[in-house]
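In order, the protein sequence lines correspond to chains B, W and D. So for the first sequence, the working numbering puts the first residue at 3; every next one is plus one. So for the second sequence, the working numbering puts the first residue at 22; every next one is plus one. So for the third sequence, the working numbering puts the first residue at 605; every next one is plus one.
Check the hints yourself; a few may be wrong.
Stated by the list, open to error - Simulated pairs of lysine to any residue, SDA-like, Cα-Cα distance not exceeding 25 angstroms:
| hint | chain 1 | residue 1 | chain 2 | residue 2 |
| --- | --- | --- | --- | --- |
| 1 | W | Lys229 | B | Ile21 |
| 2 | W | Lys47 | W | Gly128 |
| 3 | B | Lys7 | D | Leu737 |
| 4 | D | Lys708 | B | Arg13 |
Just so you know, the hints here were simulated from the structure itself, not pulled from any lab data.
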Amino acid sequence: MLLYKAWAETRVRFFAGLIAACIVCVYNIHVHAWQVEMWTHDMQNPNGYHFSWMPLGIHNYGWYLWQYLYNNYLQQVWALFALLFAFGGLIRERSSGTVLFSLGLPVSRRRWLFTRLAVAVLESIALSLFAVLVVVIGSAVIHQSYSLTQVLLHTALMVAAGVFIIAFGNFCYTLFPGNYLCLILTLVLLGVPYLLLQTYMQHLRYFGRTTWLRYFDFAHAMAGPWLLNWTTVPWMTLLATWMLTAAFAGIAVAYGDRVDY
Amino acid sequence: MEIALTTSGINQQQSSWSKGRALVGKAWKESRGRFYAALALLTALVVYAVLTSPGFLARYNARFPDKPLIYSVYVWSGLFHYALQGLWILAAFVIALGGLAREKATGVSLFTLGLPVRRQHLFLIRATVAWTESIALGLASALLVPILSFLVGESYPVAQALAFGVLMSAGGLVILAFGLLISEIFEGEFTGPVVGLCTLTAVFLSYKAHTFHGWNVFDVMSTTASIDPTTQLLTGAVPWTGLVICLLVSLGLFLTTSVVIRARDL
Amino acid sequence: MGVVIETVALKKTYGKHEAVRGLNLSVRAGSVCAFLGQNGAGKSSTIKMLLGMIHPTSGTGSIFGHRIDREKESLLIRQKAAFVAEDKRLYDYMSVAQIIRFTKAFFPRWNHDLERRLLEQFELPTERRIGQLSKGMRTKLALLLGFTRGCELLILDEPTEGLDPAAIEDVLQIVVSLAAEGTTVFFSSHQIAEVEQVADHVLMIDRGKLVLDAPMDQVKEQYRHIQAVFPEPVEERDFRVPGIEKVRTEGRTVSLVASHNVDSILEHVRMLRAGSIDVLPVSLKEIFLEKVKSR
Numbered sequence: 003m004l005l006y007k008a009w010a011e012t013r014v015r016f017f018a019g020l021i022a023a024c025i026v027c028v029y030n031i032h033v034h035a036w037q038v039e040m041w042t043h044d045m046q047n048p049n050g051y052h053f054s055w056m057p058l059g060i061h062n063y064g065w066y067l068w069q070y071l072y073n074n075y076l077q078q079v080w081a082l083f084a085l086l087f088a089f090g091g092l093i094r095e096r097s098s099g100t101v102l103f104s105l106g107l108p109v110s111r112r113r114w115l116f117t118r119l120a121v122a123v124l125e126s127i128a129l130s131l132f133a134v135l136v137v138v139i140g141s142a143v144i145h146q147s148y149s150l151t152q153v154l155l156h157t158a159l160m161v162a163a164g165v166f167i168i169a170f171g172n173f174c175y176t177l178f179p180g181n182y183l184c185l186i187l188t189l190v191l192l193g194v195p196y197l198l199l200q201t202y203m204q205h206l207r208y209f210g211r212t213t214w215l216r217y218f219d220f221a222h223a224m225a226g227p228w229l230l231n232w233t234t235v236p237w238m239t240l241l242a243t244w245m246l247t248a249a250f251a252g253i254a255v256a257y258g259d260r261v262d263y
Numbered sequence: 022m023e024i025a026l027t028t029s030g031i032n033q034q035q036s037s038w039s040k041g042r043a044l045v046g047k048a049w050k051e052s053r054g055r056f057y058a059a060l061a062l063l064t065a066l067v068v069y070a071v072l073t074s075p076g077f078l079a080r081y082n083a084r085f086p087d088k089p090l091i092y093s094v095y096v097w098s099g100l101f102h103y104a105l106q107g108l109w110i111l112a113a114f115v116i117a118l119g120g121l122a123r124e125k126a127t128g129v130s131l132f133t134l135g136l137p138v139r140r141q142h143l144f145l146i147r148a149t150v151a152w153t154e155s156i157a158l159g160l161a162s163a164l165l166v167p168i169l170s171f172l173v174g175e176s177y178p179v180a181q182a183l184a185f186g187v188l189m190s191a192g193g194l195v196i197l198a199f200g201l202l203i204s205e206i207f208e209g210e211f212t213g214p215v216v217g218l219c220t221l222t223a224v225f226l227s228y229k230a231h232t233f234h235g236w237n238v239f240d241v242m243s244t245t246a247s248i249d250p251t252t253q254l255l256t257g258a259v260p261w262t263g264l265v266i267c268l269l270v271s272l273g274l275f276l277t278t279s280v281v282i283r284a285r286d287l
Numbered sequence: 605m606g607v608v609i610e611t612v613a614l615k616k617t618y619g620k621h622e623a624v625r626g627l628n629l630s631v632r633a634g635s636v637c638a639f640l641g642q643n644g645a646g647k648s649s650t651i652k653m654l655l656g657m658i659h660p661t662s663g664t665g666s667i668f669g670h671r672i673d674r675e676k677e678s679l680l681i682r683q684k685a686a687f688v689a690e691d692k693r694l695y696d697y698m699s700v701a702q703i704i705r706f707t708k709a710f711f712p713r714w715n716h717d718l719e720r721r722l723l724e725q726f727e728l729p730t731e732r733r734i735g736q737l738s739k740g741m742r743t744k745l746a747l748l749l750g751f752t753r754g755c756e757l758l759i760l761d762e763p764t765e766g767l768d769p770a771a772i773e774d775v776l777q778i779v780v781s782l783a784a785e786g787t788t789v790f791f792s793s794h795q796i797a798e799v800e801q802v803a804d805h806v807l808m809i810d811r812g813k814l815v816l817d818a819p820m821d822q823v824k825e826q827y828r829h830i831q832a833v834f835p836e837p838v839e840e841r842d843f844r845v846p847g848i849e850k851v852r853t854e855g856r857t858v859s860l861v862a863s864h865n866v867d868s869i870l871e872h873v874r875m876l877r878a879g880s881i882d883v884l885p886v887s888l889k890e891i892f893l894e895k896v897k898s899r
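Please put together the full structure from these sequences, using the hints given.
See below:
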């Protein structure tokens with residue numbers, strides 16, 4: 003029943019997420035031919051842009067899917083909706099006036115929280131799998147072939163690394179509930195370190211160097227390398243992600259236990 | 022006990038003024054958290070973009086020496102036509118959320134509606150405060166560009182930045198009006214933002230995919246039609262047609278919202 | 605009869621404001637206990653502490669022997685106690701049937717017969733969404749969800765607020781019948797007449813402290829309003845006798861509210877050479893007003 007309640011409270015966001023993921027996937031699949039034509043023209047033009055990845059982009063549809071979906075737009079849409087799925091809970095019920103009814107039930111505050119987070123994770127997984135379905139159908143429409151295994155592996159990696167976003171979103175909403183402030187504030191708190199870290203890591207990669215901060219480059223970890231196998235999965239970053247996830251969940255639990263309703 | 026009933030004109034004017042001030046104060050208090058958070062977000066973006074520009078430009082120009090990227094092009098294509106515009110749209114949309122529909126969900130709409138204020142008046146004040154805030158966001162973030170450019174040894178004309186900021190905010194009135202309409206239709210805390218952002222994304226991508234043609238609010242906001250192709254600075258021609266269409270669309274959305282508010286049972 | 609609810613020096617402070625100050629109350633099993641107090645007296649804070657919704661600043665409490673300040677034990681309390689809050693807001697997006705199904709899932713001893721009977725009696729449309737119900741219907745639904753849980757203890761905060769007189773009568777009868785079956789009822793209300801009708805024990809709280817804790821019969825039996833007229837004006841200080849709660853003098857007329865020791869008080873009044881003495885029963889409302897005003 004708690005699962006049902008959590009689902010009922012987030013289903014609109016979930017269906018909106020499906021639509022957003024569908025739009026992003028369909029758009030990128032739709033413009034694939036146009037992109038390839040543009041890159042081919044650039045490669046053939048001595049004065050055009052020649053990036054090292056262009057031949058790969060032209061000849062390998064799988065790479066294109068990875069670059070434009072799992073390393074960019076789909077990842078961002080997924081992250082945004084994972085965040086939205088995490089918003090809510092007893093703190094939100096306080097403003098809607100139903101918190102005393104919920105707390106009057108023989109359910110511990112932790113169970114309320116973990117049920118809701120479990121539903122958020124399940125919805126995020128479903129969202130990512132729906133995107134795979136769209137990719138499968140869309141790619142068939144444009145007659146392009148790719149490795150379904152790689153798409154599924156990238157999906158799994160995106161969710162496994164992105165679970166931190168759910169914990170972080172819940173943590174932010176617990177501290178700054180309601181009135182839409184939480185959405186922008188979470189984007190600031192996620193986005194600013196993300197931007198700084200991205201720049202720093204790109205700078206280091208340009209010079210062929212690396213640092214321990216790479217374990218916290220979650221966006222990079224969510225995308226993973228283009229070709230994924232057990233040895234190329236960023237295990238250390240995943241571990242760091244999961245530890246941070248546990249930390250944020252723990253803080254949310256401790257705070258939730260102490261709040262007076 | 023004497024009860025004095027006054028119908029003095031001066032007192033009515035003062036009463037209107039104090040009512041207006043109270044409503045503006047309420048709208049500001051409800052949205053200031055979002056405003057400051059959005060300001061922090063846009064500031065962070067501009068700071069990041071400008072301070073990392075020397076390194077980016079150096080690497081780019083070393084890579085493509087026959088197609089050097091100049092600073093003004095970097096600013097326009099990276100900020101005014103891309104990231105800054107995108108985040109401003111997100112910020113303006115979120116700032117527009119709230120209103121009577123949301124108050125109904127939290128149970129305070131009856132108190133608000135019990136005040137001697139017309140619903141349209143409440144909406145107008147909220148819309149005005151939201152537009153003022155979004156203009157402030159646009160101008161503040163745009164003006165940061167020339168200020169910070171100085172720190173990295175580049176220069177960007179203040180007038181250009183100001184003009185881009187003004188045009189982004191003016192054209193972006195459509196986004197704000199859309200956000201206001203969505204907020205008055207959907208009561209749920211997340212339904213409105215999610216539906217609105219999905220719609221905006223769908224429209225944006227439809228333009229990019231050339232499914233939609235003609236007037237494009239995103240291009241009007243970045244004045245794509247009025248910039249020099251080499252420097253990507255404004256040529257001086259104001260995109261009146263695009264702006265007028267933006268204004269008309271915004272007016273249409275405002276009127277629709279007004280009708281929704283008046284007709285709705287709260 | 606054992607004690608179901610017990611608090612020892614229970615205290616709750618919000619910043620500098622002491623909402624509940626050293627509360628020592630006990631509620632016996634099987635009783636219908638009314639918890640009275642003015643607005644802001646500390647009733648809701650006390651109830652919320654009992655159910656673990658807010659944390660006591662100090663002091664202890666227990667329900668069915670389970671500590672109220674321990675999460676695990678609080679869970680056990682809520683399995684045995686049904687709570688209906690003052691703000692009877694429910695999940696707007698669920699229908700009546702859905703929220704009944706939802707709540708039922710937590711209470712294995714759910715009373716299905718009572719549920720059916722109340723659905724009919726309260727005329728609740730099962731397929732309608734809660735957001736579309738009137739305030740009165742939401743109140744009835746919230747009460748139904750409380751009454752049918754099959755719990756040993758019912759905690760009700762302003763149960764009849766927003767109900768019409770007929771519905772109030774129905775609710776009070778249900779409370780009485782549940783009490784007759786052995787359910788302990790602990791309820792707060794501002795409707796003194798209803799309290800007099802159903803309660804067999806009264807707890808009165810004022811500014812966070814208990815000012816009255818007595819069986820209803822005892823209150824009604826022992827409290828008396830004594831009006832005496834004297835040949836000459838008398839002073840209030842002439843009436844410092846145990847049992848006198850309140851003295852009001854208006855010239856030669858003296859009004860006394862006595863909580864006990866009435867015979868001795870009458871003896872004392874006669875000694876002061878009162879011309880006429882009237883002894884009248886005191887209503888619970890008057891007792892309430894005297895208790896909260898006198899402090």
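Do the hints match the structure? See the list:
1. Lys229(W) x Ile21(B): With Cα atoms ~18 angstroms apart, Lys229(W) and Ile21(B) stay inside 25 angstroms; holds.
2. Lys47(W) x Gly128(W): The given pair, whose Cα atoms are some 16 angstroms apart, holds under the 25 angstroms limit.
3. Lys7(B) x Leu737(D): holds (19 angstroms)
4. Lys708(D) x Arg13(B): Within the cut-off at roughly 23 angstroms; holds.
Figure legend: structure checked against the earlier numbered hints; every hint is met.
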